[in-house]
Structure formats: structure tokens, C-alpha cells
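Chain by chain, the residues run as shown.
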Amino acid sequence: MRLLSIAGGLLPVAAVVGALLIGAVMLLVLGADPIKGFSALIEGSFGSLKALSDTASKAVPLLLVGVGITIAFRANVINIGGEGQIVLGAMFGTGTALLFPHLPGWLLLPLVMIAGFAGGALWGAIPGALKAYFSVNEILSTIMLNIVAVQIMNFFLQGPWMDPAEVEKGSRIPQTARLPQQADLPLLLKNTRLNIGLVIAVVAAILVYIFLWRMTEGFRIRAVGFNPFASRYAGMQVNNRIVLALTLSGALCGLAGAILVFGSESHRFVTDGSATGFTGSAGFNGIVAALFGGLHPIGTIPASVLFGALLVGANKLQRVVQVPSALIIALNGLVVVFVVSSAIWKRRLDRRIQLSASRANDPGGGP
Amino acid sequence: MSEFFKIAALVTTASTGIRYATSYLYAAIGETFGQRSGVLNLGVDGIMLLGAFGAYYTTRQTGNLWLAMLVAAVIGLIMGLAMAFVSVTLQAEQGISGIGFYLFGLGMSDLLFQKLVGTPLPIPGFPQIRIPWLSELPVVGQLLFSHSIIVYGAFLLVPITTYVLNRTTIGLKIRSAGENPAAADTLGVSIARVRYGTVMFGSMLAGIGGAALTTELRIFQSNLTAGQGFIAVALVYFGAWRPVGVMYGALLYGLVASTVLQLKTLGVIPRSVSDLATMLPAVITILALVVAVQRERQPAALTKPYQRGG
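Those protein sequence lines, which keep their order, are chains Z and H. 1 is the number that this note's numbering gives to position 1 of the first sequence; each next residue is one higher, with no gaps. Throughout, this note's numbering is defined as the position within the second sequence, counted from one, plus 367.
Since the hints were made in silico from the structure, they are not lab data. Note that the structure is a prediction, hence the values are computed from the model and not measured. Quick reminder that beta carbons are idealized off the backbone N, C-alpha and C, glycines included. Hints are not guaranteed to be accurate.
Simulated restraints, written as ranges between beta carbons of each label pair [said to hold, decoys possible]:
hint : chain 1 : residue 1 : chain 2 : residue 2 : range
1    : Z       : 24        : H       : 427       : 24 to 32 Å
2    : H       : 523       : Z       : 50        : 52 to 60 Å
3    : H       : 632       : Z       : 17        : 47 to 55 Å
4    : H       : 674       : Z       : 135       : 21 to 29 Å
5    : H       : 550       : Z       : 350       : 25 to 33 Å
6    : Z       : 10        : H       : 664       : 35 to 43 Å
7    : Z       : 47        : H       : 495       : 23 to 31 Å
8    : Z       : 22        : H       : 663       : 38 to 46 Å
9    : H       : 555       : Z       : 354       : 43 to 51 Å
Working from the sequences, and respecting the hints, build out all of it.
In C-alpha cells form, the structure reads like this:
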């Protein structure tokens, strides 16, 4: 219930503006010209066809994770296991491609995407079941499953899946060999990185909107999130809806993981031994996009473009004003803090509206 | 395999494990205070990173390790003040605001490191203090009485904080704020003041935990903690909100890490298997969570902001 008070309104916009203002101050303190810095950031993210396509590519995992997070938050469960779910999706997808390297593309490509979806679903279903049937706090279990996922990933990438060339050279970078070509995600624009993953993500967002707002099962998930007691009283299986919400949430993150592998430039599964090394913290940045998108699948589309742009533009910012791109991660953190903190004003406003409404309905109260 | 079981090797492994447990212990004991008073601080990892960078940078600039610890503690206090303002005064959803603090700490520590330092040169660490007479004892001497002041400090915190939480008025106020804030409020306990206090104290310990990590490893790098702060939060559940239980959890993580490292160095197990072995503590923690919730009860008001009459 409290989670929902984050949704909607102009407060998220104010939060981003506030974070960017602080960013400007930080640039000044670090001896850089903020106007020069921000124009580099905009140019780096929207200034050319390549910049635009990079922004759109970067937005894809944020959108899928953001939409997944939205489903969980709408059921009033907090999913901070995006990182682990992305990793598991990537693992299932990669495993499928390595298992059936000779399947034709029209079969293999859908198969690896479905495998990614399934891997993430599994990593979402576990905390879902733990919460529903054993009352284990989902924040805790998703954190721990992130850690387990990273270790499974390292086991495979430094062991059975490691590129034989890396083993021979002795450099032992934890990465797979180039995955089967027919499983590459087709490019949307030649000579860019933009691939069909964008279409998959947007379609997924629309489908989730239809599911949550136009279908009974989605309505039940939202009802459980709005008031679990009333939902139970109305005869809904609250526990099953919690499992379903976290499973779907994880599945979309897993799909993002498969897209990250098969849509990457190297067409390999690469890490530096940490989750961030593979995901680029998409599991956390997706939360930022979901919050900014008002916990609405369609709102998350422009939100993920915005945060994709910030992440891509940060590299240009680094080159032009010599301020490390890590600045944007710090600012993303501030956006999250500002959005959830500002929810108090919205709650107060809602309460006032409710009060005045009840006063208006009260015949004795009016003049 | 036989090489691993020689007494000398076993003692070295266990002693390293105790050292590894230190940073977890500082952070997790700090988090215990916040949670006992009803506030879940998920930003620990970010605060640890900022504390670690502060300590690393101070040592690089001045060579003064004590000043470095102080800087880390102050950074922790400031972050704690911000966290308390957001979760207590603004009553924000703690599960999400903590992620914001984490991302802020992750980005900020990396930004400052790249901008101010660049090349990760090593720093000196605290010297080993061999406690007279006790450190001469066979086995136990090397195991327990030949560590740096940072390690002793962490383990001394366990009895001290246990006493404070269970036997003092402050401890009672903290526990009542976490169990029944409304009742405590009617008895004149300022819930806000208690929670500001615990969150700031906890964040200070998180900052020191980060400093402990950087001075033990004698290095700083981007994302140095690699999720230790998140594990610290889980350890509080693992230890059922008691400092002694938290210590067992921290030792579990430390000992598994050092054992795996030792086995890897000796070439007893292949690299890839050791990665699976490092998974053990996380899996054990999840199982412990399942068992713990059946037997233990978390503070009743955990993650619930307090509002009079609300």
C-alpha cells in the first residue's frame, strides 16, 4: 500500500531535476563547467544516430527490469534481486545456445530468449515461494540470491564454459567463446548496436500493461498489493499471487539478461567476476526507471530512455570535462532517494483530498 | 589434501578467516542497532564504500591511520544522518531508499577515487599487536591474540553492544522503539531521537567497517566491498538480531572465504570448484532465514515508520 504512494504525479520529475542540480554543483566542485558537462551529456546520448541507438540499446535492459519491478511493486513486494535474475536469464540462454549450437536461427533465437525468461522466472519464484509459504522477507532472500547467482556465473564462466582460447592463452578472462552466430539478435539499423531487443522490450511493456490493467489475474495482483486482507476476504489466493508477481518480475529481468548476451557486440557472456561486470547494475538502475515511470509499464518506456541516455551520455561527459562517468550512478542513487522521500507529500495530499471528500459528503459539515 | 590439515596451515586459515570476518562484523553490528529500533538500513554497502574511500585517501595523504578511521566514522555519521532523515522524518519506504543510498555510495566512491587518486597504490595497514604472554600460547596465540587493533575492536564490540542492548536504559529504549513504538512514545521515549541515534551509530560502524576492509587489504578499488554491506544486512537476520549471533554469521563468511582461498592456493581443488564453495555461506544464510523466521521474531515495527495516532 505504501509502495503505491510513489506512483504518479510530477514528483519524480522534480526528483530528477533536483538530482541534476546537485550534479551541477558536484561538477563545479570538481572544477568542471556544468553547462559544458551537461551539453556533452546530451550530445553523447542524443547528438547523433550512433548516440541515439546507443541510448536506445542501453534503455532495453532498464525497461525490461523496470517493468518487471513494476509487477512486483504493484503486488507490494520489493524485488531487489534484479541483478541475480538477469544473471540467471543470461546463464539459461547461454546454456541453451551451447547445448544446441547447430539448431537453425529461427528456432534457436526464440529458444534462447524463452530460456532466459525461464531462468529469471526461476530466480524470482524462489523468493516468491519463500515469502508466501515460509514468510521469509523478500528483500533478504533476493539479496542472497543475487550473491548465489554471481557465484554460479563465475563457476561456469571460469570453468566449463570458459572460452578455450582464453584457457590456451592463459589470460583466463571469464567469458564464453563467441556464441552461435544464428542466435545473434538481428540489428534494427545497420552499423549501430541497436537490435531487435528494443522491440521485444517495448512489446513486453505493452503486454504487461494489458496483463495488469485489462486481465483478471493482473487485477488480482494489484488488488493483493493494494489490500491483502480485503483480497483474502474476497476469496483470492494471496500467497499464489505473490509467487506469480515475483516469478513474472524475475522472468522479465531474465529476458533482459538473455538480450544482454545475444545482443552484445562481442556475442559472448562476459563478466569481470562481479554481477555489475555483466549487468552494468541494470538490476538496480531498472528500479530507478520503474520509480520514475510511476510504477506503470508504459510510463517506464520514456523513463528507461531517460536513464539510458544519462548512462550513455556519461561517457561523453567523462571525455569532455574529465569527470568520471560514475557521477551518473551517484545521481541515480539520489533520484531514488528523492522519489521515495517525496512520497510523503503525496500521501499527505491524498489524505487531505480524502478528508475534504468525506466532509463534503457529510451533511452536517458543510455551511 | 593432507597439506591442508597440518596444524600450522589450519591455524593460518582460521586466523585469516577471523580477519576477513572483521568488516562484516562492524557493519552488521551497526545494522543490528538500526533494526532493533525499527529501521532497516539497506544502504550499508554504499556507506562502507564511502568510508573505505575516505580512509584510503586520508592514509594516502597523511599516512595517519587513526585519522583515517576518524574520517571514515564521520562519513558514516553524515550518511547516517541523511538516511535517518529520509526514513524517520520523511518516512520513506526503507527497502527502496536504501538502494538509493547504495547507488550513491557506489558511484560517489568510484568518482572520487578516479578523480582524486587514479592509480591504486597500496597503503600501510595497522600493525599486528601480539598480546603479551597470551600470544605465546600454542595455536590459540596465533589464532586469537596476534591481530591488529581493528580486529580486536570488532570482536570487543560484541560483548559491549550485547550489554548495551540488554542491560541499559538506552538499550531498552532502542528495543521498545522497535517492538512497540506507540507504547514507548506514551512513556515519553522520543522514537525519532532513538532511531536517529541508532541509524547514525550503525552507519558510523558501517563507515569504520569499510575502513577496516581497506586497511586490511591495503588497497582501494571501484566497488571494493563487492556486496559485503548487503551480506551484513542479511547477517542481522541470520544472527536473530543479537550481536553474538551476528558474530557467528560473520565468522562463517570469513572462515569459508579463507578456507577456499587456502585450498585454492595449495591447488587442492580446481578453481571452478572453489567458486561453488564460496556459494556455501549464501545458501546457508537463505536456509537460516527459513529456519529463523519459524523460530525467531523480527522487531515488530521493523521497516514501519512511526507516526503518532497513525
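Status of the hints after comparison with the structure:
1. Judged by the Cβ atoms, the range 24 to 32 Å given for residue 24 (chain Z) and residue 427 (chain H) holds: they are separated by roughly 28 Å.
2. As the Cβ distance of residue 523 (chain H) to residue 50 (chain Z) is approximately 57 Å, the hint placing it in 52 to 60 Å holds.
3. Residue 632 (chain H) and residue 17 (chain Z) have their C-beta atoms about 52 Å apart, which keeps the hinted 47 to 55 Å range intact.
4. Remark: the range hint 21 to 29 Å for residue 674 (chain H) to residue 135 (chain Z) is upheld by a beta-carbon distance near 25 Å.
5. Taking the beta carbon of each, residue 550 (chain H) and residue 350 (chain Z) are about 28 Å apart, inside 25 to 33 Å as hinted.
6. Roughly 41 Å separates the CB atoms of residue 10 (chain Z) and residue 664 (chain H), a value that falls within the hinted 35 to 43 Å.
7. Remark: the range hint 23 to 31 Å for residue 47 (chain Z) to residue 495 (chain H) is contradicted by a beta-carbon distance near 56 Å.
8. Restraint check, residue 22 (chain Z) to residue 663 (chain H): a C-beta distance of roughly 41 Å satisfies the suggested window 38 to 46 Å.
9. Between residue 555 (chain H) and residue 354 (chain Z) the C-beta distance comes to about 32 Å, which lies outside the given range of 43 to 51 Å.
Violated hints for the displayed structure, listed by number in ascending order: 7 and 9.
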